[in-house]
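Enquirer: The hints should help you fit chain H with the ligand onto chain Z, whose structure is shown.
So the sequence lines, in the order shown, correspond to chains Z and H. The numbering used here applies: residue 14 is where the first sequence begins, and numbers increase by one. The numbering used here applies: residue 15 is where the second sequence begins, and numbers increase by one.
Rather than coming from a laboratory, the hints here were simulated on the basis of the structure. For each residue, glycine too, the CB sits at the ideal point set by N, CA and C. Mixed in with the good hints, there may be bad ones.
[What the hints assert, rightly or not] Here are the simulated DSS-like pairs of lysine-lysine, each with C-alpha atoms no more than 27 Å apart in a straight line:
#: 1; chain 1: Z; residue 1: K23; chain 2: Z; residue 2: K123
#: 2; chain 1: Z; residue 1: K23; chain 2: Z; residue 2: K181
#: 3; chain 1: H; residue 1: K157; chain 2: Z; residue 2: K181
#: 4; chain 1: Z; residue 1: K181; chain 2: H; residue 2: K192
[As the list claims (entries may be wrong)] Computed Cβ-Cβ distance ranges for the label pairs, DEER-style:
#: 5; chain 1: H; residue 1: G183; chain 2: Z; residue 2: E398; range: 33 to 41 Å
#: 6; chain 1: Z; residue 1: G191; chain 2: H; residue 2: R158; range: 40 to 48 Å
#: 7; chain 1: Z; residue 1: S280; chain 2: H; residue 2: A156; range: 24 to 32 Å
[Claimed, not checked] With the Cβ distance kept under 8 Å, some of the chain H side facing chain Z (calculated, not the full set):
#: 8; residue: N69
#: 9; residue: N90
#: 10; residue: L190
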Amino acid sequence: MSTPRTLLDKLWDAHAVTAESERAPALLYIDLHLLHEVTSPQAFSELESRGLTMRRPDRHKATLDHSTPTLPAKDGALPYITAQARSQVERLRENCARHGVELFDWASGKRGIVHVVGPELGLTQPGMTIVCGDSHTATHGAFGALAFGIGSSEVGHVMATQCILQRKPKTMAITVDGRLPAGTSAKDLILHIIGRIGMNGGTGHVLEYRGSAISALTMEERMTVCNMSIEAGARAGLIAVDEVTIAWLQGRERVPQGQAFIAAAESWRQWRSDEGAHFDREVHIDASQVTPTLSWGTNPGQVVPVDGRLPAANAETQRALHYMGFEAGHPLAGHPVDVVFVGSCTNGRLSDLREMAEVLRGRRVHPRVRMLVVPGSDAVKREAEAEGIDRIVRDAGGEWREPGCSMCIAMNGDQVGPGQVAVSTSNRNFEGRQGKGARTLLASPASAAAAAIAGCVADPRAFLQEACA
Amino acid sequence: MNPVRTIESATICLPTANIDTDQIIPARFLTTTERSGLGRHAFHDWRYDEDGTPNPEFVLNQPASRGAQILVSGPNFACGSSREHAPWALLDAGIRAVISSEIADIFRNNALKNGLLPIVLPQSVVDTLLAQQGIRLQIDVAKRRVYWPSGDHLEFALEPFAQTCLLEGVDELGYLLKHAAAIQRYEELAHVA
Ligand code: SF4
Numbered sequence: 014m015s016t017p018r019t020l021l022d023k024l025w026d027a028h029a030v031t032a033e034s035e036r037a038p039a040l041l042y043i044d045l046h047l048l049h050e051v052t053s054p055q056a057f058s059e060l061e062s063r064g065l066t067m068r069r070p071d072r073h074k075a076t077l078d079h080s081t082p083t084l085p086a087k088d089g090a091l092p093y094i095t096a097q098a099r100s101q102v103e104r105l106r107e108n109c110a111r112h113g114v115e116l117f118d119w120a121s122g123k124r125g126i127v128h129v130v131g132p133e134l135g136l137t138q139p140g141m142t143i144v145c146g147d148s149h150t151a152t153h154g155a156f157g158a159l160a161f162g163i164g165s166s167e168v169g170h171v172m173a174t175q176c177i178l179q180r181k182p183k184t185m186a187i188t189v190d191g192r193l194p195a196g197t198s199a200k201d202l203i204l205h206i207i208g209r210i211g212m213n214g215g216t217g218h219v220l221e222y223r224g225s226a227i228s229a230l231t232m233e234e235r236m237t238v239c240n241m242s243i244e245a246g247a248r249a250g251l252i253a254v255d256e257v258t259i260a261w262l263q264g265r266e267r268v269p270q271g272q273a274f275i276a277a278a279e280s281w282r283q284w285r286s287d288e289g290a291h292f293d294r295e296v297h298i299d300a301s302q303v304t305p306t307l308s309w310g311t312n313p314g315q316v317v318p319v320d321g322r323l324p325a326a327n328a329e330t331q332r333a334l335h336y337m338g339f340e341a342g343h344p345l346a347g348h349p350v351d352v353v354f355v356g357s358c359t360n361g362r363l364s365d366l367r368e369m370a371e372v373l374r375g376r377r378v379h380p381r382v383r384m385l386v387v388p389g390s391d392a393v394k395r396e397a398e399a400e401g402i403d404r405i406v407r408d409a410g411g412e413w414r415e416p417g418c419s420m421c422i423a424m425n426g427d428q429v430g431p432g433q434v435a436v437s438t439s440n441r442n443f444e445g446r447q448g449k450g451a452r453t454l455l456a457s458p459a460s461a462a463a464a465a466i467a468g469c470v471a472d473p474r475a476f477l478q479e480a481c482a
Numbered sequence: 015m016n017p018v019r020t021i022e023s024a025t026i027c028l029p030t031a032n033i034d035t036d037q038i039i040p041a042r043f044l045t046t047t048e049r050s051g052l053g054r055h056a057f058h059d060w061r062y063d064e065d066g067t068p069n070p071e072f073v074l075n076q077p078a079s080r081g082a083q084i085l086v087s088g089p090n091f092a093c094g095s096s097r098e099h100a101p102w103a104l105l106d107a108g109i110r111a112v113i114s115s116e117i118a119d120i121f122r123n124n125a126l127k128n129g130l131l132p133i134v135l136p137q138s139v140v141d142t143l144l145a146q147q148g149i150r151l152q153i154d155v156a157k158r159r160v161y162w163p164s165g166d167h168l169e170f171a172l173e174p175f176a177q178t179c180l181l182e183g184v185d186e187l188g189y190l191l192k193h194a195a196a197i198q199r200y201e202e203l204a205h206v207a
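If we strip away everything but chain Z, and leave its shape as in the complex, we get (with noise of 0.2 Å):
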């Protein structure tokens, strides 16, 4: 019998074009790279002052997300933050024009964040190799491919050549066992995860997340934890595919259909670790112990449980805590907020709108809070319409908008004030993040619903609770 392989192997194996050595890395074949206009310029650029063409521009798919705004003006003219951001948004499309990539462009429909539309449309699927210009590509692991994100010069080789340069990486097993408790979602696991582990806890491995608390999770919840996994420095997060992936797959856009598709699943159902694979690191949660958990401070290992206090003041915290304006010790619930954004790769999909809704039914938000709602991509957009959603969010007093990043990386002139505290339920609580000078609470949809009526840090069980009482 062979020895026993992880998934990582797996895929490493079967895209290894040149094997690494001493000398050399190994060349990496790209199924799909994904593209939006932040950091493919230069590569064009590169391309283009070589004499270079693509090698296979149908692997290659765009979007525009970072720079686009999310509020049209009333006649549907795009109010761009600066003439750079829009002629940015210009370049990608002469580009791709050019070099014949197919772009999700405003009229397309499908346009969106690009970690919302890859898996959405059945782009990404099990098996492949993925990067895009992104850090948060480690999304797209949830379908049991290998998927990380890579700087503009890799994004230029993977035109030219379809590969890039390569050390495997190593490899952590987080094994989840138990239920997650009522209340608690995905970000609440995946926030408390990388509490434990640490910011830098997985530098130079692949997570790949497994046990029965990750099989008793929905695509989109895989999805919201291998988004995170660049949060703790890992290169990407990776899930087994289950009859879970394949049912989520089959109908959508661009994966095989009828016979073709049960094919497709059968080949797909081998992307998993083999019982007995060795990990270079093992780490064991129960998800039992998750209870709603914000960052309190400005890397995404500073976590507390909602109910928790703030840590007290030390070299390492010293610096976040004066930073966010808290005092240490202190309980974090209650902690008065100015704005709650709702949206980003990690949870602008349409289970997350559905768990903001669940708490804002019927609620007004607080007058002290800005509250702004933006859906993953056209898509979600659509669906979250049909079910009322963004009456729940109108009706509440909140704004609900065009998609895109929006106030995730701030980019696109919506962000949150110098000074002011955001619950956020994006992925990264950097200084100045959303905007100069921003602090940034990172928190679930609920928890992010449950501040944005509270007007402060507050436990969404309380709002759940009385919502089905």
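Expert: This is chain H with the ligand only, laid out in the frame that chain Z set:
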């Protein structure tokens, strides 16, 4: 890429831990379609006050930092995003090497592709360096050594392929293109239709 063989310079010290790519180059400066010109935005929100005047307290604004090419930082430097704008901004600001006890994966890759040298040294050594702002160091890429003014040296790890690329100015894209035949064969075998 131009070859990088030796770097000799005074240091600039930023003792902060976990300096992320949003600090190195805030996202609002990413709407550029160029690689060049990002240096003036490097560490923007630490470097300038609200009204845009340089903050005299910030190390990069101090006269002693002028012309310095080696940045010494607290642990876990450049965590966060894959934006290559981070190494571009540092290089454009004159930085050619970064020393820390830990440097984030994607940043390290991106830095090497642009001839910015990421050097990982033990925390105790980094702490000593952080206490000696402006000390002149010499870095020898071929020997993988950092030399102190006293002549003492320490070795650092450098992936052999990256080292060759730096020393010879090898361009990775050129290297990849030479493998066109192998890529073609792979596509045929793997039925990449
Ligand atoms: S939503 Fe945020 S993390 Fe996701 S792709 Fe956009 S900017 Fe990156």
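Enquirer: For every hint, state whether the structure bears it out.
Expert: Here's how the hints hold up against the structure:
no.	hint	result
1	Z:K23 to Z:K123	violated (32 Å)
2	Z:K23 to Z:K181	holds (12 Å)
3	H:K157 to Z:K181	holds (25 Å)
4	Z:K181 to H:K192	holds (21 Å)
5	H:G183 to Z:E398: 33 to 41 Å	violated (55 Å)
6	Z:G191 to H:R158: 40 to 48 Å	holds (47 Å)
7	Z:S280 to H:A156: 24 to 32 Å	violated (48 Å)
8	N69	violated (13 Å)
9	N90	holds (5 Å)
10	L190	holds (4 Å)
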